[in-house]
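Chemist: If you want the building blocks of each chain, they are given just below.
Number of protein chains: 2
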Amino acid sequence: MPAKVEDGEQRGWIVPIGGAENKDDNPRILKRFVELCGANDADIVVIPTASRLEDTADRYEEIFSELGAARVATLDFDTRRDASETNRLERLREASGIFFTGGNQLRIATTIGGTPIAGLVRKCNARGVPVGGTSAGASILSDHMIVNGHEGGSPTAGGVQLAPGLGLTNRFVIDQHFRQRDRLGRLLAALAYNPFSVGIGLDEDTAAFIGPDNTLEVEGSGAVTVVDASNLQFSSMARVGENDPVCMLGLKVHILTAGATFDLESRRASAGSLAESKDNH
Amino acid sequence: MPAKVEDGEQRGWIVPIGGAENKDDNPRILKRFVELCGANDADIVVIPTASRLEDTADRYEEIFSELGAARVATLDFDTRRDASETNRLERLREASGIFFTGGNQLRIATTIGGTPIAGLVRKCNARGVPVGGTSAGASILSDHMIVNGHEGGSPTAGGVQLAPGLGLTNRFVIDQHFRQRDRLGRLLAALAYNPFSVGIGLDEDTAAFIGPDNTLEVEGSGAVTVVDASNLQFSSMARVGENDPVCMLGLKVHILTAGATFDLESRRASAGSLAESKDNH
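These protein sequence lines are chains B and H, in that order. Residues in the first sequence are numbered consecutively from 2, following the numbering used here. Residues in the second sequence are numbered consecutively from 2, following the numbering used here.
Since the hints were derived computationally from the structure, they do not count as laboratory data. Treat the hints with care, as some may be off.
One copy or two, either will do: identical chains are not told apart, so a pair holds if it fits within one copy or between any two.
[Claimed, not checked] With a straight-line Cα cutoff of 20 Å, these simulated DMTMM-like cross-link-like pairs (lysine to aspartate or glutamate) come out:
1) Lys32 / Glu218
2) Lys32 / Asp59
3) Lys253 / Glu266
4) Lys124 / Asp83
5) Lys5 / Glu266
6) Lys32 / Glu55
7) Lys5 / Glu218
8) Lys5 / Asp214
9) Lys32 / Glu67
10) Lys124 / Asp44
11) Lys124 / Glu86
These numbers were taken from a predicted model, which means no experiment stands behind them.
Can you make the complete structure from the sequences, with help from the hints?
Modeler: Structure, rendered in structure tokens:
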């Protein structure tokens, strides 16, 4: 559950990225993230706990510094005890931005879930600190998280496994590497269980920048597939057996590219700056 | 996510029951539920959507009336459109208690999830209305809900399937028919993903009465198994393959019988009225 936003404060941005974001010639996603964290005053904490690769954190430290952040530090957690250690909690408290790398979302959930660090990430976000993540680091941000599933375009019963994430928001369920790994079916299956939420499928090198007002704006070279199940007429998920196809009636789908927006409260999509640029020609 | 409790108001009781509760010679669980709903002034709405049996709702209407409720009505939902119909919303708004019958929790989630009825159940609970449920009706109450899994005492990877529930609370994950269907393993597997939550395993004819202060008290003839994973040292869920056993270190477990309590905030168990009665002998 998201931490309470105190009167007079605003929740920080939430920035899930679909993985494989450009870090070289056009790092526009990471650049915008650094700007949200305070640009030249940014103090970013990188959490590489999802990854088993030694150099994951170094790569992000380097690029955030290149993009102008004043201070970048890595906080890694090998054990659950690490995630309640005072020094690391104090360091996290100073951050003006928090970033989760890719890897396996269950490494984050099993190591940090329910620890003081998890609570502090939610509290930081509630008092305005942007929290971003890529790939596994994107999935972990929401309350209901996809951890596994079948490839393919249509939903099957048992075709998705869900687990609790960090819970910065419960307004959406995220999937990443979306077009590249053919994940529409598993995102739909997640919504077929309980259609209360919005599904967000993020292509690689594509991010959803979700503001304090719960409006999402797309940045990057791919698309964000938004599946709105709020007016679903019917889901057969309660009646079908393992591996059977699932019937879902009345889904609304938007494919957003850079500049387009989706309001998670009113559930309205808009062409955003795409429409504006058309007026100029 | 639970609805906001307004200043000066208290959240209503949440009453999950493990299924097969006594309805004949000693209906102590249902009796206590009726008392919480206002005893002779109680106005209880029964929601039998989980069940496919024709007479499920009739049986509860009958017993709640026998136990003294002033008014009992059944609200069933065959379709998602039913769950936004004005008359039913108005009727639910009048209730002083809401009760979900057993059946299949996915019938509730797929039919009601994300509809105005689901939001209204949360709002009623936030302004003080008790919400109870038995079996599937117990599972649906929390945010993260077990919908399927393997039998057995120890957790395996892939041994539990989770889906979003109605979300009256995110403080615990419920399992029911607990001893009778040998479900400890799947409850542990649910916690192994992300140990932020408390696991509550409800035997048949046994209920957890969870007050506005988040203290749980047991009623009924069986036990409530409380699994507190907050101090978990380690979970191997991120590293193991499907069907492999999962390693979990540092679980705290309490077996509570009628009268014993567990505080979901401090995570402290107490013998409650059991200890008091000992003093009398």
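Chemist: If a hint holds in the structure, say so; if it doesn't, say that too.
Modeler: How the hints compare with the structure:
1. For the identical chains of this complex, Lys32 and Glu218 are intra-copy neighbours only, at 15 Å inside a copy versus 52 Å across copies, given an alpha-carbon limit of 20 Å.
2. Taking CA atoms no more than 20 Å apart as the test, Lys32 paired with Asp59 passes inside one copy only; the shortest distance there is 17 Å, against 62 Å between copies.
3. Taking the closest pair of Cα atoms, Lys253 and Glu266 come within 20 Å of each other only inside a single copy of the chain (15 Å); across copies the shortest separation is 39 Å, beyond that limit.
4. Taking the shortest alpha-carbon separations for Lys124 and Asp83, only the intra-copy value of 19 Å comes in at or below 20 Å, while the best inter-copy value is 38 Å.
5. In this assembly of identical chains, the alpha carbons of Lys5 and Glu266 lie at most 20 Å apart whether taken from the same copy (18 Å) or from different copies (16 Å).
6. In this assembly of identical chains, the alpha carbons of Lys32 and Glu55 never lie at most 20 Å apart, being 24 Å within a copy and 60 Å across copies at closest.
7. In this assembly of identical chains, the alpha carbons of Lys5 and Glu218 never lie at most 20 Å apart, being 24 Å within a copy and 27 Å across copies at closest.
8. In the homo-oligomer, the alpha carbons of Lys5 and Asp214 lie at most 20 Å apart both inside one protomer (15 Å) and across protomers (18 Å), since each shortest distance falls under that limit.
9. Proximity of Lys32 and Glu67 under a CA criterion of 20 Å is satisfied intra-copy only: 10 Å inside one chain copy versus 67 Å between copies.
10. Proximity of Lys124 and Asp44 under a CA criterion of 20 Å is satisfied intra-copy only: 17 Å inside one chain copy versus 40 Å between copies.
11. In the homo-oligomer, the alpha carbons of Lys124 and Glu86 lie at most 20 Å apart inside one protomer (17 Å), although the nearest pairing across protomers, at 38 Å, exceeds that limit.
Checked against the numbered hints above, the structure violates hints 6 and 7; every other hint is satisfied.
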